[in-house]
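J.: With chain B held as given, fit chain A onto it using these hints.
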Amino acid sequence: MKPSMQDRGVAVLMGAEACHGPALANGLARAGFALAALPAGADAPSDPSRQSDGEVAVLVINAPVVRTGLAFDDITDAAFDAAMQEQVFDVVAAVQRMLPHMASGARMVLVGARGHLGAWGGAHRMAASAALVALVRSLALELAPAGIRVNLVAGDFVDAGAVETPDSEAIAHAVLFFADPHCGVSGESMLLDGNAALRMSESRRPANADRGASAST
Amino acid sequence: MTGAARGIGLAIARQLAQDGMQVLATDVDAQALAMAVSDLAQQGFAVAGEPLDVCSRAEVRALLHTLGPLDVVVNNAGIASRLLAFGDIAASELRRIFSVNVSGVFVVAQEAARQMKEGGRIVNIASRGYLGGAGASHYVASKAAVVGLTRAMAIELRWRGITVNAVAPGMVDTRMLDDFSAPMRRSLERREPSGSAADPQTIADAVAFLSSARAAQINGQVLLVDGGKSVGMPPL
Chain B
1 MKPSMQDRGV
11 AVLMGAEACH
21 GPALANGLAR
31 AGFALAALPA
41 GADAPSDPSR
51 QSDGEVAVLV
61 INAPVVRTGL
71 AFDDITDAAF
81 DAAMQEQVFD
91 VVAAVQRMLP
101 HMASGARMVL
111 VGARGHLGAW
121 GGAHRMAASA
131 ALVALVRSLA
141 LELAPAGIRV
151 NLVAGDFVDA
161 GAVETPDSEA
171 IAHAVLFFAD
181 PHCGVSGESM
191 LLDGNAALRM
201 SESRRPANAD
211 RGASAST
Chain A
218 MTGAARGIGL
228 AIARQLAQDG
238 MQVLATDVDA
248 QALAMAVSDL
258 AQQGFAVAGE
268 PLDVCSRAEV
278 RALLHTLGPL
288 DVVVNNAGIA
298 SRLLAFGDIA
308 ASELRRIFSV
318 NVSGVFVVAQ
328 EAARQMKEGG
338 RIVNIASRGY
348 LGGAGASHYV
358 ASKAAVVGLT
368 RAMAIELRWR
378 GITVNAVAPG
388 MVDTRMLDDF
398 SAPMRRSLER
408 REPSGSAADP
418 QTIADAVAFL
428 SSARAAQING
438 QVLLVDGGKS
448 VGMPPL
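Note that the protein sequences, when read in sequence, are chains B and A.
Under the numbering used here, the first residue of the first sequence carries the number 1, and numbering increases by one thereafter.
Under the numbering used here, the first residue of the second sequence carries the number 218, and numbering increases by one thereafter.
Chain B on its own, in the form it takes in the complex (with noise of 0.2 Å):
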């Protein structure tokens, strides 16, 4: 029988307006999920879709990570503060404020990149991005006495300003295995990446490698 949408309970998405964010909404939606869509850095709803504090089934903070050709060179110490601040300490503090809200037995689940296994340009983001899995595992860790599951979605690489890519409903689909009930699987990293890390992709110097090539940060 399908589950009815009280059956599924509420969904939140945050950084709804991020690439993705259209596949996410949609996938969570069409799971049967009443669905609270935020953009990144919106507070909790104190009435996450009208219904009660601890109601909150899953949590989807969508942090994709764009790519960068910054030569390591190149990166500046205002660029390396604000991939800590967008893709971690973010991350952290809209965790922190939806914690409160989030049931037993919820699921959380982290879109992010797959830079925590390094890639050229952009280094900053690549550790930025490893934090996040470490910070996945100890999540995972900490919360599950609470019953809270809490998984990563590591994605390739995004064009800055796009709003899907041909991995985004890929990305939806698994957001919705980690984000089902069922899903006994936490603290994990899922690469959806195209099978970037398996080509091993990175080995290959990019003919733009060369210091200077670029200027996005």
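The set of hints was computed from the structure by calculation and includes no laboratory data.
Glycine is no exception: its CB is placed at the ideal position from the N, C-alpha and C atoms.
Treat the hints with care, as some may be off.
So, partial list: chain B residues that the calculated Cβ filter (under 8 Å) puts toward chain A [said to hold, decoys possible]:
{"#": "1", "residue": "Ala71"}
{"#": "2", "residue": "Ile75"}
{"#": "3", "residue": "Phe89"}
{"#": "4", "residue": "Gly115"}
{"#": "5", "residue": "His124"}
{"#": "6", "residue": "Ala130"}
{"#": "7", "residue": "Ala131"}
{"#": "8", "residue": "Ala134"}
{"#": "9", "residue": "Glu142"}
{"#": "10", "residue": "Thr165"}
{"#": "11", "residue": "Ser186"}
{"#": "12", "residue": "Gly187"}
{"#": "13", "residue": "Glu188"}
T.: Quick look at chain A alone, frame taken from chain B:
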């Protein structure tokens, strides 16, 4: 090398000097550093010492400019924090830890790489904690960021003949353990395969290897020096 006044850093400084390198030991604690340099001198190791705050780009740049081309940089400076439930990690504490443990590594590595020769070695001290730990999300995330930075730097800098690796210590007998109460420390030690915190020298040995010419073919790796705890332990 940074964070050289005590503990793991001091052991590394001594080992690299013993291996015949000209070592510049730095630490944010000038007084402790002076004592360390003096102790090393008494043991027959001529190690230079300069106070350095890795959080200050200006200090790092000024100091490195006084040196010639560098062969090895060891990023050991780091801070820990007491155990905190995730909900209790203040934004300021998270920033403080990342500032030393992550930005500090970045700034020193970036400035140092500019004057590094082909064959240069960068060794970053991470922590077994990068694999995750309850109550330590802030510290754990910072050390995982060091590992991510290590891999990204390894990918880019090898084209200049520079390798970048990390050593991830388990529980080591240093002042960092003072953050824990005595009962907590005993409880943590019981969870080590050896039943006790490791000698800092065990970390220095790993760093010395990764700093040497023998490690030329090793790049972007994390060497866990934790008595094997990370591969598993029988239940207590």
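J.: Report holds or violated for the interface hint on His124 (chain B), using the least CB-CB distance to chain A and a cut-off of 8 Å.
T.: Given a least distance of 7 Å, the restraint on His124 (chain B) holds.
J.: Checking hints one by one. Is Ala130 (chain B) an interface residue toward chain A, by the C-beta closer than 8 Å rule?
T.: holds (3 Å)
J.: Taking the closest Cβ pair, is Glu188 (chain B) under 8 Å from chain A?
T.: violated (11 Å)
J.: Interface hint check: Ser186 (chain B), Cβ to nearest Cβ on chain A, cutoff 8 Å. Holds or violated?
T.: violated (11 Å)
J.: Hey, does the Phe89 (chain B) contact hint survive, CB to chain A under 8 Å?
T.: With a minimum Cβ separation of about 6 Å from chain A (threshold 8 Å), the hint on Phe89 (chain B) holds.
J.: Going by Cβ atoms only, is Glu142 (chain B) closer than 8 Å to chain A?
T.: Interface hint status for Glu142 (chain B): holds (4 Å vs cutoff 8 Å).
J.: Given Ile75 (chain B) as an interface hint, is its Cβ closer than 8 Å to any Cβ of chain A?
T.: holds (7 Å)
J.: Taking the least C-beta to C-beta distance, is Gly115 (chain B) closer than 8 Å to chain A?
T.: holds (6 Å)
J.: Close enough to count: is the Cβ of Thr165 (chain B) nearer than 8 Å to one in chain A?
T.: Violated, because the Cβ-Cβ distance from Thr165 (chain B) to chain A comes to roughly 21 Å (cut-off 8 Å).
J.: With 8 Å as the cut and Cβ atoms as the points, is Gly187 (chain B) at the interface with chain A?
T.: holds (7 Å)
J.: So, Ala134 (chain B) near chain A? Judge it on the closest CB pair being under 8 Å.
T.: holds (3 Å)
J.: Would you settle whether the hint for Ala71 (chain B) is holds or violated, based on the nearest Cβ-Cβ distance to chain A being less than 8 Å?
T.: holds (7 Å)
The structure does not agree with the numbered hints 10, 11 and 13 stated previously, though it agrees with the rest.
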